[in-house]
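Let the sequences and hints guide you as you build the complete structure.
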Amino acid sequence: MNEERRLCGLAGDDDEDNMDEDRAALFGATADDAISVDGGHVEEPPAPDGNSAKRPRSSTSPVWVDYEKLFKEIDGKTVKYGARCLHCSKVYSAFSSGGTGHLSRHILVCVKKREKDRMSQSQISFNTDGSMRTWDYYPMRARTELVRLIARLDVPISLGESEAFIEYIKNAHNPKYAKVSRQTTSRDILKYFTDCKAKLVEIFSTSVNCVSNL
Numbered sequence: 067m068n069e070e071r072r073l074c075g076l077a078g079d080d081d082e083d084n085m086d087e088d089r090a091a092l093f094g095a096t097a098d099d100a101i102s103v104d105g106g107h108v109e110e111p112p113a114p115d116g117n118s119a120k121r122p123r124s125s126t127s128p129v130w131v132d133y134e135k136l137f138k139e140i141d142g143k144t145v146k147y148g149a150r151c152l153h154c155s156k157v158y159s160a161f162s163s164g165g166t167g168h169l170s171r172h173i174l175v176c177v178k179k180r181e182k183d184r185m186s187q188s189q190i191s192f193n194t195d196g197s198m199r200t201w202d203y204y205p206m207r208a209r210t211e212l213v214r215l216i217a218r219l220d221v222p223i224s225l226g227e228s229e230a231f232i233e234y235i236k237n238a239h240n241p242k243y244a245k246v247s248r249q250t251t252s253r254d255i256l257k258y259f260t261d262c263k264a265k266l267v268e269i270f271s272t273s274v275n276c277v278s279n280l
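Just so we're on the same page, the working numbering is the position in the sequence shown counted from 1, plus 66.
Source of the hints: derived by calculation from the structure; they are not laboratory data.
Ideal Cβ positions, reconstructed from N, Cα and C, are used throughout, including at glycine.
It is possible that part of the hints are untrue.
To be verified - Now the in silico label distances, taken between C-beta atoms and shown as ranges:
#1 214 <-> 158: 45 to 51 angstroms
#2 166 <-> 206: 41 to 47 angstroms
#3 252 <-> 181: 26 to 32 angstroms
#4 248 <-> 148: 43 to 49 angstroms
#5 175 <-> 218: 37 to 43 angstroms
#6 269 <-> 222: 29 to 35 angstroms
#7 253 <-> 154: 31 to 37 angstroms
What the hints assert, rightly or not - The calculated EDC-like cross-link candidates involving lysine to aspartate or glutamate, where the alpha carbons are at most 20 angstroms apart (straight line), are:
#8 245 <-> 229
#9 178 <-> 132
#10 242 <-> 211
#11 242 <-> 202
#12 257 <-> 220
Next comes the structure, spelled out in structure tokens:
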């Protein structure tokens, strides 16, 4: 029996009793060894600051959709120091150690962004059958209707560029309305008159009715 134990690398009964050696030979550990409960993962101590290589963290805040990141060299390192608004070009501080709350607040009050959002809004109108369709703004049609309005109400041709009229149209009807100068309105009036006259001439030229000269 002792020979068999010795062949297996264990101590015989007549050898010095050393159960710790037998246990270590069979299981690879002694009773004094600590058992890891972390699934075999051993966390290494962090490297010193001088040798640490930090992975740049991606910006997850949605605020960066409206800003351009600004970088500069500080002590040989590329550091993010600012943010430029893509709408009004204002520059704000934006160091990595700081937050983005001030950037979010600016976007809420940025005049240029609000104007772009208002201009890009899709407007909905309804067809005669009740179905919806996207309403499109045509400046030329607006100018023609302005000419007809001026002629029917007999108001000054400067109506299209008056601040009161522009404010009324933008706030109550169409935020995309662009003011029309009196010079443009004068040309539009002449064009509208010429077009209407040409239509009347065409209608009468194709008429088969006879008119008596009596």
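Hints, one by one, checked against the model:
1. Between residue 214 and residue 158, the C-beta spacing of about 49 angstroms keeps the proposed range 45 to 51 angstroms intact.
2. Taken as a hint, the range 41 to 47 angstroms holds for the pair residue 166 and residue 206, whose Cβ atoms sit roughly 44 angstroms apart.
3. At about 29 angstroms, the beta-carbon gap between residue 252 and residue 181 stays in the expected band of 26 to 32 angstroms.
4. A hinted range of 43 to 49 angstroms holds for the C-beta pair residue 248 and residue 148, which are about 46 angstroms apart.
5. As the Cβ distance of residue 175 to residue 218 is approximately 42 angstroms, the hint placing it in 37 to 43 angstroms holds.
6. A beta carbon spacing of about 32 angstroms between residue 269 and residue 222 agrees with the range 29 to 35 angstroms that was offered as a hint.
7. Between residue 253 and residue 154 the beta carbons are some 35 angstroms apart, a value that agrees with the proposed interval 31 to 37 angstroms.
8. Simply put, residue 245 and residue 229 have alpha-carbon atoms about 9 angstroms apart, close enough for the 20 angstroms limit, and the pair holds.
9. Annotation: proposed proximity of residue 178 to residue 132 holds, straight-line Cα distance about 12 angstroms (limit 20 angstroms).
10. For the proposed pair residue 242 and residue 211, the alpha carbon gap of about 15 angstroms is at most 20 angstroms, so the pair holds.
11. Restraint check: the Cα-Cα separation between residue 242 and residue 202 comes to about 10 angstroms, which is no more than 20 angstroms; the hinted pair holds.
12. For the hint linking residue 257 to residue 220, the alpha-carbon distance of about 18 angstroms falls within 20 angstroms, and the restraint holds.
Comparing the model with each earlier hint shows no violations; every hint is respected.
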